[in-house]
Every structure is written in structure tokens, then in C-alpha cells.
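Enquirer: Just need the whole structure built from these sequences, with the hints factored in.
Top to bottom, those sequences are chains F and D.
Take 1 as the starting number for the first sequence in our numbering and just add one per residue.
Take 1 as the starting number for the second sequence in our numbering and just add one per residue.
Keep in mind the hints are simulated off the structure, nothing from the lab.
Watch out, some of these pointers could steer you wrong.
Treat identical chains as interchangeable: a pair holds within one or across any two.
Straight line, CA to CA, 25 Å or less: simulated BS3-like cross-link-like pairs of lysine-lysine [as the list claims (entries may be wrong)]:
(1) Lys244 x Lys86
(2) Lys251 x Lys349
(3) Lys266 x Lys349
(4) Lys86 x Lys65
(5) Lys52 x Lys86
(6) Lys52 x Lys83
(7) Lys78 x Lys52
(8) Lys244 x Lys92
(9) Lys244 x Lys142
There are 2 protein chains.
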Amino acid sequence: MRKRLILSILFLAFLGLSSQAQEALFRAQQIISPEIHEDNTVTFRLLAPEAKSVQVTGDFLPTVKIDTPMGEMDGPGKADFIKNDKGVWEFKSQALGPELYNYSFIIDGFTTIDPNNPFLIRDVASVTNIFIIGGGHADLYKTNDIPHGTVARRWYDSPGLGMDRRITVYTPPGYESSSEKYPVLYLLHGAGGDEEAWISLGRAAQIMDNLIAQGKAKPMIIVMPNGNVIQDAAPGEGSLGYYKPQFMVPKTMDGTYEANFMDIIKFVESNYRVKANKDNRAIAGLSMGGYHTMHVSRYFPNTFNYMGLFSAAIMPREDATGKVYSDIDGTLKTQMENGYKLYWIAIGKTDFLYDANVEYREKLDGMGMKYEYVESEGGHTWRNWRVYLSDFAPKLFQ
Amino acid sequence: MRKRLILSILFLAFLGLSSQAQEALFRAQQIISPEIHEDNTVTFRLLAPEAKSVQVTGDFLPTVKIDTPMGEMDGPGKADFIKNDKGVWEFKSQALGPELYNYSFIIDGFTTIDPNNPFLIRDVASVTNIFIIGGGHADLYKTNDIPHGTVARRWYDSPGLGMDRRITVYTPPGYESSSEKYPVLYLLHGAGGDEEAWISLGRAAQIMDNLIAQGKAKPMIIVMPNGNVIQDAAPGEGSLGYYKPQFMVPKTMDGTYEANFMDIIKFVESNYRVKANKDNRAIAGLSMGGYHTMHVSRYFPNTFNYMGLFSAAIMPREDATGKVYSDIDGTLKTQMENGYKLYWIAIGKTDFLYDANVEYREKLDGMGMKYEYVESEGGHTWRNWRVYLSDFAPKLFQ
Chain F
1 MRKRLILSIL FLAFLGLSSQ AQEALFRAQQ IISPEIHEDN TVTFRLLAPE AKSVQVTGDF
61 LPTVKIDTPM GEMDGPGKAD FIKNDKGVWE FKSQALGPEL YNYSFIIDGF TTIDPNNPFL
121 IRDVASVTNI FIIGGGHADL YKTNDIPHGT VARRWYDSPG LGMDRRITVY TPPGYESSSE
181 KYPVLYLLHG AGGDEEAWIS LGRAAQIMDN LIAQGKAKPM IIVMPNGNVI QDAAPGEGSL
241 GYYKPQFMVP KTMDGTYEAN FMDIIKFVES NYRVKANKDN RAIAGLSMGG YHTMHVSRYF
301 PNTFNYMGLF SAAIMPREDA TGKVYSDIDG TLKTQMENGY KLYWIAIGKT DFLYDANVEY
361 REKLDGMGMK YEYVESEGGH TWRNWRVYLS DFAPKLFQ
Chain D
1 MRKRLILSIL FLAFLGLSSQ AQEALFRAQQ IISPEIHEDN TVTFRLLAPE AKSVQVTGDF
61 LPTVKIDTPM GEMDGPGKAD FIKNDKGVWE FKSQALGPEL YNYSFIIDGF TTIDPNNPFL
121 IRDVASVTNI FIIGGGHADL YKTNDIPHGT VARRWYDSPG LGMDRRITVY TPPGYESSSE
181 KYPVLYLLHG AGGDEEAWIS LGRAAQIMDN LIAQGKAKPM IIVMPNGNVI QDAAPGEGSL
241 GYYKPQFMVP KTMDGTYEAN FMDIIKFVES NYRVKANKDN RAIAGLSMGG YHTMHVSRYF
301 PNTFNYMGLF SAAIMPREDA TGKVYSDIDG TLKTQMENGY KLYWIAIGKT DFLYDANVEY
361 REKLDGMGMK YEYVESEGGH TWRNWRVYLS DFAPKLFQ
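Expert: So this is what it looks like as C-alpha cells:
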């Protein structure tokens, strides 16, 4: 009996408590990957005695030129591992600057995840591993030992879209225990994204917790809706079940979303303690979310005091025939005349939407519509959008 | 200019909006995997022209005997793919019964994920793909078009453990719009788990939404704390940052968690509209969480009216020297004398903890302490724990 108990304990300790855990342990790799060293070099490891070649690819490596059907483009670099006599492949990076990086392994030519790192992010249908090198702006992406806000996944009724829809809401530290009213930032994702994107890829909760703890941003509520009007929720989280996510979802840029944005504001303002006025409403988004921001804010031209266009996808579209897109110039003029505190435009120098943003700024200049403009290095990346949020949020509601 | 705009749109459509998405498209596989057919057979696919062999392993396949250091054990089965002339490997399963299944691919002997299925669950340090075959009990695991509760990740102050800690809270549909008070189920994870486990692996939110919509369970709040007292949050979600999760975390079963459980109850009862009395408190957990349930409920012997021990890890432990573990028989007797509505014990016939549960029931029988007992097929698996929650929740607060 004592022996059986000890056996049980050994089973518990060595064989895991679930079939998946057991499976994990059958194929256990007792190695650490990635290992971040004190000098910010990083060692990647893989136990694969039978493999012929192992490489890592990711945005911590210098970019390389890649031939594509659209011509030569920048693509993620690759680096070769070396195998030791125990069948463990290793690659050690150079010292890396502060950043949240993503990477994948390439095993005998096949791109896949690092099996020793369960921290993954999904971008559209692709899953990659991540790691953080701290310091500088990347410290904002970490969960530090400071007060934390709450992140809730809720469902709101959208009469305009005829469905209940999932929405992600960040409330700042202290929200639940105070009776104060808060300002609200509506934060929109890009094409291929959903109500999870700013939380997972954008680190929005960590950024806001850190900025608020440092006294750099006002405590505010962040509302992250789903901009794909045919979905009630992110892929895998809604009534459509599991399906392969697509980059371009039908009807995302046809005006339906913008026209029904008041459903979201109404939900927020009747469910949260908010300052329900223009002074205390901001809207921002990346790429398609920048396009949505531009159109929502001029279509409801006296609603928001702060606009943020991050790498905005400003472009005419063939399917943009909805009522929302009529009289763009007139509604922009009305928005300008109604007044606002901040119209903030940011884009990277190598972004493929750079020229479209130059043209848009020329249009605003021609009208005399004021904006702040930030031009960063880099292109159309989450790396930039995390920084844009970190720079934009402190400007709000001051 | 028109041409440039069209080019931009093409870029947008074909090359993705982020570096990760671009990377995803560079290695795009324009195939669907898994594809669930109407007859509930499932086709798995992989584009890997260079691979020598491709297999799938998962809990939808018959188990096989595997040699382990602990002797012969059941392990997940494997099935071989066949390659077509386009380099696409395929395997079609038999018709499968309703269930949430997990699986992995084995490419040239290397176990990894299906790159065409971004739906993954982490169990300890292991990540596997999932899919659902609907029907029967598995319909409870789906997000159906019904009212949905809210799932919030919050942080509570634990003076007893000296830190702020992350906690997952499900509030039922209608909670925010009503002024009603609700009963509470405290739902505990097993070793290697955390405050994410019941939501991701356990499908607790979907199960509760569906049971409530069907009128089978009372609307209730579900509180899912983190039972690893050295963590402030799940791996990757707390101040410890990213690190390789371990199966056995120090101090998880030394009594500290149980002794400080009132910190959690206090937080819940001062932050939510709850019926704060014994009649309206339930506690349940799987494996280590069943152990915690047993000890918390007898250490605070007049606190809970409903106890659920799912595959409970009932066993003496060498590190179980804390005050909580003194006078187990006496406190159980007090719990019995104080009275309760339900003491529910469930375990699978092949669970390695089966004998320990037989002994525990013998002890309860000897004392005259009443319980309901359910013996299911299968072993120590999430498959069972999802069913146990589905069966247990309808018995509460009726």
C-alpha cells in the first residue's frame, strides 16, 4: 500500500497528469530554448538527432531580399544551427536590442515552431514563437510588478449588424474599486486581425499598465472591437467555430462597420463608468483600423477629440460604395470645423502605404486640417504599432 | 497614380499587412487541415514535398502500448499519411464520435504542429492542435449563437501570499445588466495548470454558456484562481515573464494555497454581486485541484455547500507538513456535521489515482460521510474533466 502510494506519486511526478502532458513528456526535450543571456545574446536549441539541417528565421535577424510574384522584397533572415554530439542543434544570436521578437524554426526545410517555447502569437493563420529582450521601449511590453488593469472578453448587441459580437475591454487599475468616470480609447485592428490582435500582438494591456504606473498616460478604458462585420468573434471564438483565418475578410472595408460604430459606443457608454463626451473619446487603429478610424471619425464628425492613424490603409476601394464614403471632403471639413485636440498620423519610411499617406497629408494640408505627423523607421509591422500606441496614449485626455 | 493605388491594393491583398503575415504568406499552404466532413471523418493535410514520412498522432486514434521507464503504458496512436503527386500528404480518419480532440504531426520523426491549423492549446509546456467533432456532449464545447457570459482576467490582492495575483472570472449572461446576486463556483486546475487551464483546455465558458442557455444550470459566477503559490500568474502572463512551464511547481501542495484561500473568497465577495453564504458557494477541481478542493473545504468546514472532486489527487505527501494537513479526520468530521448539499466524486476506471480514490471513499464510508460517486470510462484526461464539469454544474444551487 505504501509502495502503491509512492508509485502513484512517481507517476504523478514523472508521467504528468493529463494525456497531453503525458504526450509532452514522452517527447520531452529537457533543454531550454530560447535562452536569453545577460548580454542580450540569445541561444536557440533543438533536440533533433536525425535532422539534416536546422535553421531559425525571425525578425531579430537582418532582413534579406526575397523574390516574390510582386518583385524583390525584404523578408526575414535565416541563420544555421550547429549540431553537437548529443544531437542538440544550437544557434547563438548577436546581442539584440530591446524588442518583442518573433521567430520560427526550419527543420530540414520545413518551417515550424520551437517545441521548447510554448509562447506563441497568431497573426492571421500563422503562428510564431515570441520572446522579449527587455530595456527601453520593450520594458513596456512586460508584465511588471505594478497594478494591473482587467481584460474582459464580453459580448455586445449590435442591432446594426444584427448579431451579438465579442469585444475586448481593458479597464485600468483601480477601475473596479473607484466611482470615478473614465475616458475611452477605441483601438482598432488591421486586416486579418480581430478583437484579440491588440491584446496578443499589440501588448496593449501591458503597455497601458506600464504607462499608467509611470504616470505617463491617464487611466483610461481601451475598447477593442472586431472590425470584420461578417464575424461575431475572432476565428475559433465565435459561432463560426474553427476555420482557417483569412487575411481579407469580405465586407471589412465596405462601410458597414463604420456606419454601425455607434452600436459599440452605445454599449460602452451604457455598461462602463465613462465620461461620455467628445473630450473623453479617442479612436485609433492600425492599417485597416487606421482606415476605419479616418472614416468613423469624419462620418460622426463631432464624436472624437483624438484620432490616431497608425500606418493607415488610406486608399479608394472598389467595394467602398457605402453611404459612409460619400462626401468624404465635406465631412472632413465638418470634422475640422467642429474642432478636435489631436489628429495623429504615424507611418514607417518603408511602409508600402507610405505614398498613400503622403497624398492624404497633402489633402489635409490643402484643406488646412491640422495633424501631428510621426515618421518612423521600418514598415508595416507590429513592432511599429506597439511603439505608436506607446507614444499616442500619453497624448490623450491630458 | 491609379496604377500605384492598384498595386497598393494588390500588396494589401496578397502580401499581408504585417511582417508575420508576410512570412506566413511566403510559406503559405493553400490547403485546409483538418477538414471535417459531414460524416465526421476528418482529413488531415500537409504540403511537404521533401518529407520522407508524415504521421499524425492524437487522442482521436486508438491508443497503443508504449514502453516507458515506469513500464508499459497507453500512449496516443499514430497513423501514416500518403503523399500525392503535388507533394501534399493526406490522412483520412474513420468517422469520429463527438469530442474535442488534440493532435500533432510527426514529420520525418519530428513531432510538431499542423501549420494549417492555428488553433492550439497549451498543456504545461506542450502545445497541440485541436478540433471539435460536434454532437452530444461536444456541442457544449462549441460557441453557439446564444447569450454569452463575460470572461475577465483580473488581479486580486493576496495578503496571505504577499502578492497581487491574476485570476480568471466568468460572469454569466445578464450579469452586467441585472442587479441580482449570484452563486459562485470556485473551479481549480491541476498540477502544471494555472488560471487559464479551465478556460482553454476545459472550455468552461462554452460549457456554462450552453448549460445556462438550455436551462440546465443556474446562472453562476465561476472563479478560476492560480493554484501555484509561487506564481503571480500563468507562465508568460506574470512578472516572471516567459519561461518553460513545469509540471510540478514548488509549494503547490504544501498547504499554503489552501490556508490562504479566504483571500480569494474575500476578493470575490467584495468585488462581485454574489450571494455570500454557504448555500451559494461551491468548490471543485481536477487532480491537484481535487486535492485542494478536499483540503480547502474541510479546513474551512462551514464555507461550501457543494464539493466536486474530479480525479482528485488524494495522497499523503512528504511536503504536506503545513498546518492545513493536521487533524484531517477531525476537520472532515466537522465538515460532515456542519452539513452540505453535495460531495461529488468522479474518476475514470483507468485513472492512476483510481485506487487512492477507492481508499478515500472507504474512509468516508467508515465515517458515514455521504457523497455521490461517478465512475467513468477513461483515465486522467481533460476529456473526462470537461464531462465532469458538464455533469456537476447542473447539480449546483438548485
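Enquirer: Checked against the structure, which of the hints given earlier come out wrong?
Expert: Of the numbered hints, 2, 3, 4 do not hold.
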